[in-house]
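Add chain X to chain A, keeping to what the hints say.
The listed protein sequences derive, respectively, from chains A and X. All residue numbers for the first sequence refer to our numbering, where the first residue is 156 and numbers rise by one. All residue numbers for the second sequence refer to our numbering, where the first residue is 156 and numbers rise by one.
The set of hints was computed from the structure by calculation and includes no laboratory data. A virtual CB, placed ideally from N, CA and C, is assigned to each residue, including glycine. It is possible that part of the hints are untrue.
[Unchecked claim] Here are the simulated lysine-lysine pairs, DSSO-like style, with alpha carbons at most 27 Å apart:
{"no.": "1", "chain 1": "X", "residue 1": "K256", "chain 2": "A", "residue 2": "K310"}
{"no.": "2", "chain 1": "X", "residue 1": "K454", "chain 2": "A", "residue 2": "K591"}
{"no.": "3", "chain 1": "A", "residue 1": "K256", "chain 2": "X", "residue 2": "K454"}
{"no.": "4", "chain 1": "A", "residue 1": "K591", "chain 2": "X", "residue 2": "K591"}
{"no.": "5", "chain 1": "A", "residue 1": "K256", "chain 2": "A", "residue 2": "K374"}
{"no.": "6", "chain 1": "X", "residue 1": "K310", "chain 2": "A", "residue 2": "K256"}
{"no.": "7", "chain 1": "A", "residue 1": "K212", "chain 2": "X", "residue 2": "K591"}
[Claimed, not checked] Computed spacing ranges between beta-carbons, pair by pair:
{"no.": "8", "chain 1": "X", "residue 1": "G280", "chain 2": "A", "residue 2": "D554", "range": "34 to 42 Å"}
{"no.": "9", "chain 1": "X", "residue 1": "E292", "chain 2": "A", "residue 2": "Y217", "range": "51 to 59 Å"}
{"no.": "10", "chain 1": "A", "residue 1": "G280", "chain 2": "X", "residue 2": "K454", "range": "20 to 28 Å"}
{"no.": "11", "chain 1": "A", "residue 1": "S172", "chain 2": "X", "residue 2": "E562", "range": "35 to 43 Å"}
{"no.": "12", "chain 1": "X", "residue 1": "K516", "chain 2": "A", "residue 2": "S172", "range": "55 to 63 Å"}
{"no.": "13", "chain 1": "A", "residue 1": "Q468", "chain 2": "X", "residue 2": "G277", "range": "42 to 50 Å"}
{"no.": "14", "chain 1": "X", "residue 1": "A202", "chain 2": "A", "residue 2": "R448", "range": "40 to 48 Å"}
{"no.": "15", "chain 1": "A", "residue 1": "P489", "chain 2": "X", "residue 2": "R247", "range": "56 to 64 Å"}
{"no.": "16", "chain 1": "A", "residue 1": "S172", "chain 2": "X", "residue 2": "R218", "range": "55 to 63 Å"}
{"no.": "17", "chain 1": "A", "residue 1": "N278", "chain 2": "X", "residue 2": "G277", "range": "36 to 44 Å"}
{"no.": "18", "chain 1": "X", "residue 1": "S172", "chain 2": "A", "residue 2": "S512", "range": "52 to 60 Å"}
The chain contents come next:
2 protein chains.
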Amino acid sequence: MLKPEVLNKLRAVVGNSHVLSEPEDMIVYSNDATILSAKPEAVVQPANRDEVAEVIKLAARYRIPVTCRGAATCLSGGTIPLKGGIVLELTRLNQILKIDKVNKIAVVQPGVITFDLITAAGNVGLLYPPDPSSMKESTLGGNVAECAGGPKGVKYGITRDFVLGMEAVLSDGSIIQTGNAVDGDMCGPDWTMLLTGSEGTMAVITSITLRLVPLPAVKKTMMAIYDRLEDAARTVSVTMAAGIIPTTLELMDNLSIVSVEKYLKIGLPVKAGGLLLIEVDGVLSTVEENARRVSEICKQCGATEVKIARTPQEAEDLWRARRSINPAFGQVAPCKFAEDATVPRSLVPVLVEKIMSIQEKYDVPIFNMGHAGDGNMHPTIMFDKRNKEQMARAEQALDEVHIVTLELGGTLSGEHGIGCAKAPYLRAETGETGYKIGREIKQAVDPLGILNPGKMFFYEGKLH
Amino acid sequence: MLKPEVLNKLRAVVGNSHVLSEPEDMIVYSNDATILSAKPEAVVQPANRDEVAEVIKLAARYRIPVTCRGAATCLSGGTIPLKGGIVLELTRLNQILKIDKVNKIAVVQPGVITFDLITAAGNVGLLYPPDPSSMKESTLGGNVAECAGGPKGVKYGITRDFVLGMEAVLSDGSIIQTGNAVDGDMCGPDWTMLLTGSEGTMAVITSITLRLVPLPAVKKTMMAIYDRLEDAARTVSVTMAAGIIPTTLELMDNLSIVSVEKYLKIGLPVKAGGLLLIEVDGVLSTVEENARRVSEICKQCGATEVKIARTPQEAEDLWRARRSINPAFGQVAPCKFAEDATVPRSLVPVLVEKIMSIQEKYDVPIFNMGHAGDGNMHPTIMFDKRNKEQMARAEQALDEVHIVTLELGGTLSGEHGIGCAKAPYLRAETGETGYKIGREIKQAVDPLGILNPGKMFFYEGKLH
Numbered sequence: 156m157l158k159p160e161v162l163n164k165l166r167a168v169v170g171n172s173h174v175l176s177e178p179e180d181m182i183v184y185s186n187d188a189t190i191l192s193a194k195p196e197a198v199v200q201p202a203n204r205d206e207v208a209e210v211i212k213l214a215a216r217y218r219i220p221v222t223c224r225g226a227a228t229c230l231s232g233g234t235i236p237l238k239g240g241i242v243l244e245l246t247r248l249n250q251i252l253k254i255d256k257v258n259k260i261a262v263v264q265p266g267v268i269t270f271d272l273i274t275a276a277g278n279v280g281l282l283y284p285p286d287p288s289s290m291k292e293s294t295l296g297g298n299v300a301e302c303a304g305g306p307k308g309v310k311y312g313i314t315r316d317f318v319l320g321m322e323a324v325l326s327d328g329s330i331i332q333t334g335n336a337v338d339g340d341m342c343g344p345d346w347t348m349l350l351t352g353s354e355g356t357m358a359v360i361t362s363i364t365l366r367l368v369p370l371p372a373v374k375k376t377m378m379a380i381y382d383r384l385e386d387a388a389r390t391v392s393v394t395m396a397a398g399i400i401p402t403t404l405e406l407m408d409n410l411s412i413v414s415v416e417k418y419l420k421i422g423l424p425v426k427a428g429g430l431l432l433i434e435v436d437g438v439l440s441t442v443e444e445n446a447r448r449v450s451e452i453c454k455q456c457g458a459t460e461v462k463i464a465r466t467p468q469e470a471e472d473l474w475r476a477r478r479s480i481n482p483a484f485g486q487v488a489p490c491k492f493a494e495d496a497t498v499p500r501s502l503v504p505v506l507v508e509k510i511m512s513i514q515e516k517y518d519v520p521i522f523n524m525g526h527a528g529d530g531n532m533h534p535t536i537m538f539d540k541r542n543k544e545q546m547a548r549a550e551q552a553l554d555e556v557h558i559v560t561l562e563l564g565g566t567l568s569g570e571h572g573i574g575c576a577k578a579p580y581l582r583a584e585t586g587e588t589g590y591k592i593g594r595e596i597k598q599a600v601d602p603l604g605i606l607n608p609g610k611m612f613f614y615e616g617k618l619h
Numbered sequence: 156m157l158k159p160e161v162l163n164k165l166r167a168v169v170g171n172s173h174v175l176s177e178p179e180d181m182i183v184y185s186n187d188a189t190i191l192s193a194k195p196e197a198v199v200q201p202a203n204r205d206e207v208a209e210v211i212k213l214a215a216r217y218r219i220p221v222t223c224r225g226a227a228t229c230l231s232g233g234t235i236p237l238k239g240g241i242v243l244e245l246t247r248l249n250q251i252l253k254i255d256k257v258n259k260i261a262v263v264q265p266g267v268i269t270f271d272l273i274t275a276a277g278n279v280g281l282l283y284p285p286d287p288s289s290m291k292e293s294t295l296g297g298n299v300a301e302c303a304g305g306p307k308g309v310k311y312g313i314t315r316d317f318v319l320g321m322e323a324v325l326s327d328g329s330i331i332q333t334g335n336a337v338d339g340d341m342c343g344p345d346w347t348m349l350l351t352g353s354e355g356t357m358a359v360i361t362s363i364t365l366r367l368v369p370l371p372a373v374k375k376t377m378m379a380i381y382d383r384l385e386d387a388a389r390t391v392s393v394t395m396a397a398g399i400i401p402t403t404l405e406l407m408d409n410l411s412i413v414s415v416e417k418y419l420k421i422g423l424p425v426k427a428g429g430l431l432l433i434e435v436d437g438v439l440s441t442v443e444e445n446a447r448r449v450s451e452i453c454k455q456c457g458a459t460e461v462k463i464a465r466t467p468q469e470a471e472d473l474w475r476a477r478r479s480i481n482p483a484f485g486q487v488a489p490c491k492f493a494e495d496a497t498v499p500r501s502l503v504p505v506l507v508e509k510i511m512s513i514q515e516k517y518d519v520p521i522f523n524m525g526h527a528g529d530g531n532m533h534p535t536i537m538f539d540k541r542n543k544e545q546m547a548r549a550e551q552a553l554d555e556v557h558i559v560t561l562e563l564g565g566t567l568s569g570e571h572g573i574g575c576a577k578a579p580y581l582r583a584e585t586g587e588t589g590y591k592i593g594r595e596i597k598q599a600v601d602p603l604g605i606l607n608p609g610k611m612f613f614y615e616g617k618l619h
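If we strip away everything but chain A, and leave its shape as in the complex, we get (with noise of 0.2 Å):
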């Protein structure tokens, strides 16, 4: 427990009622969306930069740790205080404070959730791309720290592609400036990428610069439904192969679509080995050639029907499918490794083939499916922690999930973070040069490692 006097401190910067600290609010705040969790000693809920400025100077003059926290629907553990301390919660930053329609630019404060920025640049005929499952649940803060992803990756890139500037909090309370409204801006080392994907260790984000793009004009989606999973998954490579970029290329696996199904009824192909659920947006006659054309791939590749969307409400039952996986993996097991292994875009038919190995092996259902078009796949791994004999089979299984993976040559993370879930792993992609100056640098930036210590760079389990 914090000290009375700190607390009280605190209190006095946020107001009373946005510090917490009974235990059963620890309880709340010691979990994200992974199955790791630590209990926080106070939760602090700051209205606006200069209330972060100053719990950021108590936290350093006290030696407390301060784990950052937006929707904590992070897979990594990004927003587990790991050492107790501070949980710093951001959601009272909620603000979208300027969409720019000339200039196509946002920006937003951290507790900003992701979708309403969507909804908002939607209303101005501006498009904010990267769209994680979690869109309308986690926050842009959350999206940039951990570097998110989505489905429209395949086409418009991830969120570091989006983040042009940011306002950020140091570890001593001083306020960094990084980047700008430029769109094309390059003004020395690129500290706005610094602090993109940097999960909370290096500073505390107070408000984001985004870069929006025109609203396409029309989108069509479809669904190419295969007996072979493989099929699926050599179809990614093929259309990449020929020169064409959906807007999304998700493959879904027979355990995806059967859960799925068993848990909306709506008609999904049960018996398929795989499905890809494929969007193409742009102009009409772009969007209609390219349609043709991936719809032709799919054939050539053993798909055995693929069905085109008429309307909107049909392409949003495609979509509701496959945003529906997350809360279907509760009707396989209780608990799941969700990983989000990248590897290059022509090597996915490769990884399909070794996770099913892996499941073979290991005996564990695994969701073989994710963001195929970019690589980015997100092979979930089921089992129940209350048996320990499966869970060590299921933590088996993630290792080598992880290390086919970077034999591959492909990354740890996609989109999901490092946090202490895989920290373990981060010496094998960075090597040991890249492992020290990730350490250097975390501490001339937070010399005194306030700011979510143990994770990363600085993770003190076991390493692989």
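Chain X in isolation, oriented as in the chain A frame:
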């Protein structure tokens, strides 16, 4: 001069003929494309990464400054060895190591000339978009180190948008791999972006993994001619507001037009107040639609004529005019400050008018032109440095260009870098905290301060 002992050790690493130390060599290697100069003590030309690492280890051991150099087309003093020491010439590392057509990725050594990659990618139906005017001479290592832009930045973005990873030698001679060949990778903070734009102050780049895009099926090149420069500038923001994103939107003022015409004699409209060189690319139907809409907007904004190139040769002639501005500068005066003042796109008309006033106020010729479409203008101030009084006026004009740019929410450097030329203004852009963090991170990565000393955050001259 370096001690004979050190020179011998350098010769042992790279071979006798690849260590230059004669006084006349030192003169040749003292300049880049600015008016600044400083002599090195030796020029070392390594053949590969391991030789680079050995040279850096020697430099660290003897505390010798190391300044990297490619084609030395730098416009901010980046390759000038301010503190003497070694100029590390990387042009022998000039191999395109891989072009992966399916994953749309290239791996290159830093000494590859940008245009050679563009050509090689084009041969397999791919495009490397960043196209600085120097692309036929400048190297990819330099483009990445300075984060070059180019006309295509409007649609495609600048160099940093295409760098996926790199291999680099750190200041102690150790080797780091950052990012990887997965388009969409994001594992931890983005060290790749820490090195991109770091102007040789953080590490020596020895290999670069670059993203490529599909080569557009067709393109259309147009020239819009205006009586008034302001109308040409206004066309830029109106086009952007209309939601059209051309591939390029290049602005030239009367001084640029007249100088190029004197140089090329190709019948440019020498009485025009300004012109726009516009290109749109993509699939045929979209390109024709966009060309028509842009052409209408040009006329609405006051264009007296819009010429559409009917053949690739006509298009090439239009581009030749744009690319000849640099050689045409010499028609006006022997010296120049070639700036890359970049502002939000909607403010290009304001910046153009402010530059017109500055030209009048200080009575120095300023080429008022640039990549207007992404706000990256190239006001180029002409003078003769032998005329002290004129040079003083040119310096005052330069000062005011920088101040105006920052006042408009812009950045000092859209693509030329900070180096020493713009270092006096850097603190005004980054703020105190940003400047301090810049110094601290550089010190963490290069504790001996041997990499390109005296540049950027470690400039020792007068600060504005």
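Verification of the supplied hints:
1. Proximity of K256 of chain X to K310 of chain A is assessed by CA-CA distance (about 16 Å); at most 27 Å being required, the pair is judged to hold.
2. For the given pair, K454 of chain X sits about 58 Å from K591 of chain A by alpha-carbon distance, which is inconsistent with the 27 Å threshold.
3. Straight-line distance between C-alpha atoms of K256 of chain A and K454 of chain X comes to about 23 Å, which keeps the hinted pair within the 27 Å bound.
4. A hinted pair counts as satisfied when its Cα atoms are at most 27 Å apart, and K591 of chain A with K591 of chain X qualifies at roughly 22 Å.
5. Distance restraint check for K256 of chain A and K374 of chain A: the Cα-Cα separation of roughly 22 Å lies within the 27 Å cut-off, and the hinted pair is therefore satisfied.
6. In summary, the hint linking K310 of chain X to K256 of chain A is supported, as the alpha carbons are separated by about 16 Å, within the 27 Å threshold.
7. At most 27 Å may separate the alpha-carbon atoms for a hinted pair to count; K212 of chain A and K591 of chain X meet this at roughly 18 Å.
8. At about 40 Å, the beta-carbon gap between G280 of chain X and D554 of chain A stays in the expected band of 34 to 42 Å.
9. E292 of chain X and Y217 of chain A have their C-beta atoms about 57 Å apart, which keeps the hinted 51 to 59 Å range intact.
10. Between G280 of chain A and K454 of chain X the Cβ separation comes to about 23 Å, which falls inside the hinted range of 20 to 28 Å.
11. Here the CB-CB span from S172 of chain A to E562 of chain X is close to 42 Å, well matched to the stated 35 to 43 Å.
12. For the pair K516 of chain X and S172 of chain A, the supplied restraint of 55 to 63 Å holds, since their beta-carbon distance comes to about 57 Å.
13. For Q468 of chain A and G277 of chain X, the hinted distance range of 42 to 50 Å is satisfied, since their beta carbons lie about 43 Å from each other.
14. For A202 of chain X and R448 of chain A, the hinted distance range of 40 to 48 Å is satisfied, since their beta carbons lie about 45 Å from each other.
15. Between P489 of chain A and R247 of chain X the C-beta distance comes to about 60 Å, which sits within the given range of 56 to 64 Å.
16. Evaluation of the 55 to 63 Å hint for S172 of chain A and R218 of chain X yields a pass: the beta carbon distance comes to about 58 Å.
17. Between N278 of chain A and G277 of chain X the beta carbon distance is about 40 Å. The supplied range of 36 to 44 Å therefore holds.
18. Separation of S172 of chain X from S512 of chain A is about 54 Å and conforms to the stated range, judged on CB atoms against 52 to 60 Å.
Hint 2 from the earlier list is the only one contradicted by this structure; the remaining hints agree with it.
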